[in-house]
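Novice: Using the sequences plus the hints, can you model the full thing?
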Amino acid sequence: MLRSAYDAAFATVLRVVERDLVLDSITRTGIRYLLSGRVKETTDLPSEEHYARLQAFRDELAGMPVAVQTATANEQHYELPTDYFLAVLGPNRKYSSCLYERPDASLEEAEVAMLELSCQRAQLEDGQKILELGCGWGSWSLFMAAKYPAAQVTAVSNSRTQRAFINQEAKRQGITNLTVITADLVDFQAPEAGNYDRVVSIECFEHMKNYKVLFSRIAKWLRPGGLLFFHIFVHARGLPYHYEVQGEDDWMTKYFFSGGTMPSIELMQMFQDDLSLQRQWYVNGIHYSRTLEAWLKLHDAARKQIMPLFEQTYGKDQALKWFVYWRLFYLACSELFAYRGGNEWGVAHMLYKKQ
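Its first residue numbered 903, the sequence shown is counted upward by one per residue in the numbering used here.
In short, the hints are calculated from the structure, not lab data. This structure is a prediction, so every number in the text was calculated from the model and none was measured. There may be inaccurate statements among the hints.
As the list claims (entries may be wrong) - Here are the simulated lysine to aspartate or glutamate pairs, DMTMM-like style, with alpha carbons at most 25 Å apart:
no.	residue 1	residue 2
1	1114	961
2	1156	1071
3	1206	985
4	1114	962
5	942	1152
6	1255	1011
7	1255	1094
8	1122	1028
9	1223	1246
10	1073	1146
11	1049	1028
12	1199	1089
13	1031	1071
14	1206	1195
15	942	1146
16	1031	1176
17	1255	1010
18	1156	1219
19	1206	1010
20	1255	1108
21	1156	1011
22	1122	1108
What the hints assert, rightly or not - Here are the computed distance ranges between Cβ atoms for each label pair:
no.	residue 1	residue 2	range
23	1066	1180	30 to 38 Å
24	951	1022	21 to 29 Å
25	955	1209	41 to 49 Å
C-beta: ideal position from N, C-alpha, C; glycine also.
Specialist: Here you go:
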């Protein structure tokens, strides 16, 4: 009964928000309230309950497919017109956390800083054979191919529009050592299994479920001694959880992250049957929050350019609602990663080795 009343109230508030009538300060306060509830459910727990639930979550994943609702997730983000993302992302089109090494760093500088750090931590070298899973708009693929001209970079995306864009950009930059494949990672088979020096990924594994099976496959793609490096957002202090629609306030799941997972560092440490964890790093969530605030600012600045794209994608009568929804997406994610000074949620860099 209480849940029904709460859902009805939340739906009413959302209808007002959709009309772009609510101040950001009020929206942010509401987001922080919801985050406090999530922390109570998944962080502030007795240790015995924490580890029992962590083990249960791992066991649950072991019975699931590699990923779920991939078609829905693809539609929610990656089949929007590329021009939208060109308007709101930085010059490198990095659709993931950047690294702000200085208080006054620009978005472009933060993009490059994180790309460089990822190359360093993945121990990339020229001449290697590199496979990137979930390459987005090619920020790291193009960066790696340009930085290591003797390397062979193969990038996998589940989006046709992303593949077309990356190929066009590679041609424009004169890059010839990059191959882009369109495939669903649920059933993807690497074209040169057993020969890759590195398998790398940035913010793709949050869309996965059965990490045991995924890591087993990756181990077969790597040569002996090869490394898996991935950048993944995580719940640093608390439990992992699924993005599931259980009520009206599960708005993020419904519209932006269907089938997604919020992993934890502890969870990722539990999958070492085929690959051995070598190093792990934590990047404070404030870096991601600043990234999202930069995207929000660009989104707002490009409103006149974006609205016709949204009319084309969502319909004229839904364009304003979706303009606001994307604003809410950036606001909600920014507040999440800034929560408790960036120490509750953030980014993990994980490095595994094939024995």
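Novice: For every hint, state whether the structure bears it out.
Specialist: Checked hints:
1. 1114 x 961: holds, 10 Å
2. 1156 x 1071: violated, 32 Å
3. 1206 x 985: holds, 13 Å
4. 1114 x 962: holds, 11 Å
5. 942 x 1152: At roughly 16 Å apart (the allowed maximum being 25 Å), residue 1152 and residue 942 satisfy the hint.
6. 1255 x 1011: Measuring from Cα to Cα gives roughly 30 Å; hence the hint is violated.
7. 1255 x 1094: holds, 18 Å
8. 1122 x 1028: holds, 22 Å
9. 1223 x 1246: violated, 30 Å
10. 1073 x 1146: violated, 40 Å
11. 1049 x 1028: The given pair, whose Cα atoms are some 8 Å apart, holds under the 25 Å limit.
12. 1199 x 1089: Answer violated: residue 1199 to residue 1089 is near 38 Å, above 25 Å.
13. 1031 x 1071: Judged against 25 Å, a Cα distance of about 21 Å means the pair holds.
14. 1206 x 1195: This hinted pair holds, its Cα atoms lying about 19 Å apart.
15. 942 x 1146: Roughly 18 Å between the alpha carbons, so the hint for residue 942 and residue 1146 holds.
16. 1031 x 1176: Cα-Cα ~20 Å, so holds.
17. 1255 x 1010: violated, 31 Å
18. 1156 x 1219: holds, 20 Å
19. 1206 x 1010: holds, 23 Å
20. 1255 x 1108: holds, 20 Å
21. 1156 x 1011: violated, 33 Å
22. 1122 x 1108: holds, 21 Å
23. 1066 x 1180: 30 to 38 Å: At 36 Å between Cβs, range holds.
24. 951 x 1022: 21 to 29 Å: violated, 38 Å
25. 955 x 1209: 41 to 49 Å: holds, 44 Å
Consistency note: the structure conflicts with the earlier hints numbered 2, 6, 9, 10, 12, 17, 21 and 24.
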